[in-house]
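Asker: Each chain is listed here by its residues.
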Amino acid sequence: MGLKKVYTTACPRNCYSTCSFKVWTDDGKVINIDPEPLNLATPEGICLKGLSYVERVNSPKRILHPLKKMNGQFIQISWDEALNEIAEKLTYYKSNFSPQSVLFYYASGMSGLLNSVSMNFWRMYGGATTVYGNLCWPAGLEATRLTLGEAKHNVPWDLENAKLIVVWGKNPAESNIQQMIPIERAQQKGAKLIFIDPRRTASSERSDLLVQPIPGTDGILALAIAKILIEKDQIDHKFIKNYVLGFDEFKKSLEKTTIEEASQVCGVSVPFIEKLANFIGTIKPMTLIPGYGMQRYSNGGQTTRCLLALSIITGNIGKIGACWHYADLQGDIFSDVKEPLNYFPPKKPDGIFRREIATAKLGEDMLRLTNPELKMAWVERGNPVTQNPDSNKVKEAFRKLEFRVVVEQFLTDTAQEADIVLPAKTMFEQSDIISSYWNPYVQLRQKVIQPLGEVKPETEIYYLLAKKMGFPDSEIEKNIPYPSDEAIEQWLTEKLKPFPEITLEKLKQGPVLTPVLQEIAFSDYKFNTPSGKIELNCETAHKNWGVNPLPTYEKMVEGKQSIGSKYPFNLMSPNTKNRIHSQFGNLESIKAVDPEPFATINLGDAQKKGINDNDIIRVFNDRGELTIKARIDASLRPGNIVIINGYWHQEGSCPNALSKGRETDMGHGSAFHDNMVDYEKVNK
Amino acid sequence: MVRNIFIFDQNKCVGCHACVVACMNENGFQSPNQWRNILQSQDFHFPNLPLFYLSLACNHCEDAPCLKNCPALAYSRDEKTGAIIHHPEKCIGCKYCTWACPYDAPTFNAKIGVIEKCTFCNHRIEENLKPACANQCPVGALDFVNLEFSREESIESSPVPVNVGSSIKINKLRKENGPEMDLNLFTDQTEQIKHEPKKKITAHEEWPLIIFTILSALLVSIYAAELTNSFTFSYKITYLFFGVLSAMLSMLHLGKKNRAWRSVTNIRSSWLSREIVLFSLFFTGVFCDFFIYDIPNFIISFIGILFLFAIDMIYRLAHWRWPIRIHSAQTLLIGITFYALFVNWFELFAGIIIFKTILYIYRKIKYKNPQWIISTLRITFALAGLVLLYFEQSIYYIIATVLIGEIRDRIEFYNELTVPDPKFELSIT
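Heads up: the protein sequence lines correspond to chains A and B, in order. So the first sequence is numbered by the working numbering: it starts at 1 and just counts up by one. So the second sequence is numbered by the working numbering: it starts at 685 and just counts up by one.
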C-alpha cells in the first residue's frame, strides 16, 4: 500500500466540456478518478473518455521510449541517439535548404499555455513552414465575430432559464454531455426543446420536435424561418432598432426566396418549417445552440450567419436564458490574439520566419511547395494522417519527405509514418494552464505523477534539442523553461501575473472563474464591431472574405444541391462520445463499449441496396474508399451515411480517406463535410 | 424498509457508458463481459418508436434469485449494506444464476471459468461512498441513496416484471414518445426489421442437457419398470455406464469441474443442488442394488422419480410464455411415458401420450412461431407410438418412434425456455 493522494485537475482535450475532475494517485501511479463539483458546468462527473485516462496513462501500448524506424520496424533508442540524429538533420536542412524546408505541424491534441514554447524553438531555429487555419470551428467563429464583435455566450448553467432551446446541428449527449444537465432542468421547468439535425441522436430523443434538413442547407432553412417571423411580425422591433445594423436590407433580401423554394432546397416540408418558425416566433427566451459540424461545409460561414440572424431578429441576445451559444472565449485571457484572428496569416507571418500553408489542404499544399521543397516534418499534439482532409494525400506528402519526427503517446497513423517517434507526456505528467470554449473557468492541469518510462514533456525535448543544436544558452533561457517542476511553475506564474485574481495556488485548489466574466454575454449591449452594432449587414465580411455582406444561403461546392455531384450520398463525419477525434479509440475500456468501426445508413437506402445490419459495405468516391460494417438507423434522413471521425487508417475506416481538402467560405476552416460518396455491399 | 438502492432517471440517461468505465476503473477491467451495461429500447431507431436507455448491473435483490438458486453457495448477502456478493472461489461455473437473474447481472467469464458480478461497490459503501457508477454519472441519471423503499415500490420500479425486491428505483419517462418528426421522409422503408435479441438459453448450446435429461428419464424408467431385475452383469455395467455418461454430460458445461462437489452444498434452497443429490442417491442405490445387497425396488424408484421431478423444478424459474406452467417435454412426463411403455401398460401410455399431445397443441397455438410442419411430425411420432403399441409391434420400433418424438419435444423445450431477461423486457417493436 503506497501513499494515496488526490489532486484537482482539468481535461485538456479539444472538447466543449473541459471538465474539472479529481485524480487519485498511489505511489506515483494514476489509479482512479472522481468528480469535481467545484466546476458548476461539470459538477456531476466526466465522460467515459475522461474516465478511461486511468487506462490511457498506464496503457501497455503507450510509447515510453524514443523509437527509431529500422527496416520498417520501430526499435527503441536512447534520447541521446534520437536527439543527435534530429539535431543533425535540422542543421543539415537549415544550411542546405533553409529552415522553411521543415514543416512544424501541431493540432489540438493537448491544450495548455506551454504549447507556445514549441514555436519559440522554431523561431530560434530560424523559422519553419507552419499551417494556418483550423480543422474545427473557424467559419462559425468568424461569422460570429463579424456579426456580434466577439464570440461569447451565457454561462453554461444559464441554459436552464431558457424557455425554448433550439439545438441546431449539435449532439451534446455525445460531444458536450454536461450540457444535457441544464437542458433537462429547463425541460423540467416546461421549456420546449427542438433539434435540427439530419440524424436522430441520443440528444434529440427527449425533444419536442426534430427537423431533419439535407446537410449543408441549414442556411436556407434559417432564412425561410426569418421570412416567416418577419411576415408574422414575431420579431423584436425595439432590439432591432437599437442594436442591429442592416435589418432592412436583410428583410429585403428575403423577398427573393419563397418558403416553398426553401422547402425544396433544404428538404424540410413547409408545415415543418412553419412549426419550427412558430416555436421560435412565440417562445422567449430562446437559446440557440449551433454545432460545429454544420459550418464545416464550403458555405459554413454564411450558414452560421443565417442561423445567427434568427437570434438577432427575435432579440434573443444579452438576456437571461437567451443567447447565441456557439463558443465562449471569455476564459481565454492569455492569448494576445484571440481565435479566429490568429488563424489568419498576415502578409509576412511572424516576421520573416514562417511560411504558411492551409491546414485544410495540408496534403495538397505540402506536395505543392517549392523553393524550398519540404524535406522534414515535426508533428506534435496531432494526427494529421488521420484527421486532416484527403488523408491519402496527406499520407503521400508525409511519405515523400526525407525525415519525419512525431511526438506521440501511441503508434497512431501519423506516428507509423515517422522515422523517429518521441514519447509524449500525458496530461498527468506536466502542469499547465488551460481555458475552455464552453465553460468560463481558468484551470490548472496538474502534474500528478512523474513521467512514465523515459517520457519527456515537449518543453524538455525542445530544451535538450536546443542544447544539441548549439543555440546560445542566453537564447535558450529566454525562450524555453528549464526542465524542472519549479521552472515550469515559475513560467506559469509569470503568465498569471496580469491577473492578480488568479494564482497558481488557487488553481491547484480548483477551477477559477475568468476575471472578465460576463455571465450573460452581451448584457451590456456593447458589440465590438466597426459600427458598434450587431452587423446583420456586414461589410467586413464582404471585404475580408468576398461573401455577400448579408446572411445568404450559398450552394455547397460538392453537396447535394450542386449540379454534377456524381455521388448520391452525403457523408457526415460527426464526433462520437467514445473518442475525441482520433484519440481514445485504441483503449480497451473504450473498445469494451464500442468494439469496431461502423457506418450508419438509413434503412430505406439499405433495403434498396440489399444491405442488412452488420453487412460489410464499401464506401467510395474519386478520392478514396474504405470498407466498414453497416449499421441500420431507420431515423437517419435518407441519402446520408454517417462515419464518425477519428477512426484510424489502421482500423481500415478513416473517413478522411474520402474527404476533400477545401477551405470554408470564411475563417480558413476546413470544409471536409462537403463530401459526397456512394456505397455498396461487399460480397464476401 | 430503509435500504441501499440505485436511483435511475430515464429522463436523464443518454446512454453515455461513463458508468460502465467507472465500474472498470474501480473494480478492474472487465472482459469479455462488463458488470454494468447500457440497454436500449430498440436497435434500429424506428421513427415512430421512442429510444430510451437503461443502465443495468446487479440490483442486489432482497430475494436474490442468484443466491437462492446457486447450487454451490457461491453467493452471500452482506447484511450491513444489502449487497449480494459472489465468491468466485466457491463458484463452479454452472451458469444457473445467469438463468435465474432477471437483470442479467451475473455473467460467465469463460477465460476463468467462473461467474463475475457487480459488488454494489461494497467496499465503497462501507466507507460511506456511493458505488463508482452512481458516483461518476456525468448527468446525474444514476444515483445511489439509503432510503425507505417498500416492496411495492420495488415491484413498481423494476424494469423487469419480477417480485424479488430489487434495489433499483426508476424515475420513468416524463414523455414516453420520441420527438415529433416528419414521417413522410421515411415512407421508403419497412416499419420493422425481423430481429430477435439473443436468447439466454437455446437448444443449440444446451445439447448436453437435452441428452442428460432424456437419458435420465430413460434410466429411471428402465429401473422403475424392473427391467433391470433380469439384467446380466454386462447389462448392469452398461446401465451404470450410461449413468456415468449422463453425470459427465451434466458436468460438461461447468467452468470449474474440479469444484463439482460444491454443487450439492445448497440443498436448502437450490433445486439444482437437490437434483444433483437425488441423482447421486439414485445411482448409488442402483449400484448397491446391483452389486452389494438387494434394496427394495420401490425405494430406489421413488428416489428416481424425485430426481426427475427435481430436474423439472430447476426449470421453474422460466416464465413460459403461455399460462400453463407444465411443458409436454418435462422430464417426469418423459419418464412416465417410457415407464408405461416398458411395463406395457397401454392405458397409462395412451393417457400420457394424449395428455402430452394436448399440452403440445395448446402450446403451439399460443406460440408465435409454431412451425406446423415439424409440429405435426412430432405429434405423428407420439401417436404412431400409441398405434404401434396397440398393434403390439416390436418394442424396439416403438421405443425408437417415441424417442424421436420426445427428443424433438425436448429440443423445443430448450428453444422455448425463456427466463426473465431485461433485453427482451425493454425491447419495443
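I should point out that these hints are in silico values taken from the structure, not numbers from a laboratory. We put the CB at the ideal spot given by N, CA and C, even for glycine. Just to be clear, a hint being listed does not mean it is correct.
Mimicking DSS-like on lysine-lysine, the simulated pairs with C-alpha atoms at most 25 Å apart in a straight line are [said to hold, decoys possible]:
{"no.": "1", "chain 1": "A", "residue 1": "Lys5", "chain 2": "B", "residue 2": "Lys814"}
{"no.": "2", "chain 1": "A", "residue 1": "Lys29", "chain 2": "B", "residue 2": "Lys1052"}
{"no.": "3", "chain 1": "B", "residue 1": "Lys856", "chain 2": "A", "residue 2": "Lys192"}
{"no.": "4", "chain 1": "B", "residue 1": "Lys883", "chain 2": "A", "residue 2": "Lys629"}
{"no.": "5", "chain 1": "A", "residue 1": "Lys61", "chain 2": "B", "residue 2": "Lys795"}
Derived contacts from chain A toward chain B, CB cut-off under 10 Å, selection only [stated by the list, open to error]:
{"no.": "6", "residue": "Thr529"}
{"no.": "7", "residue": "Ser531"}
{"no.": "8", "residue": "Leu603"}
Asker: Indicate, hint by hint, whether the structure satisfies it.
Answerer: Status of each hint after checking the structure:
{"no.": "1", "hint": "A:Lys5 - B:Lys814", "result": "holds (19 Å)"}
{"no.": "2", "hint": "A:Lys29 - B:Lys1052", "result": "violated (56 Å)"}
{"no.": "3", "hint": "B:Lys856 - A:Lys192", "result": "holds (19 Å)"}
{"no.": "4", "hint": "B:Lys883 - A:Lys629", "result": "holds (23 Å)"}
{"no.": "5", "hint": "A:Lys61 - B:Lys795", "result": "holds (22 Å)"}
{"no.": "6", "hint": "Thr529", "result": "violated (36 Å)"}
{"no.": "7", "hint": "Ser531", "result": "violated (39 Å)"}
{"no.": "8", "hint": "Leu603", "result": "holds (4 Å)"}
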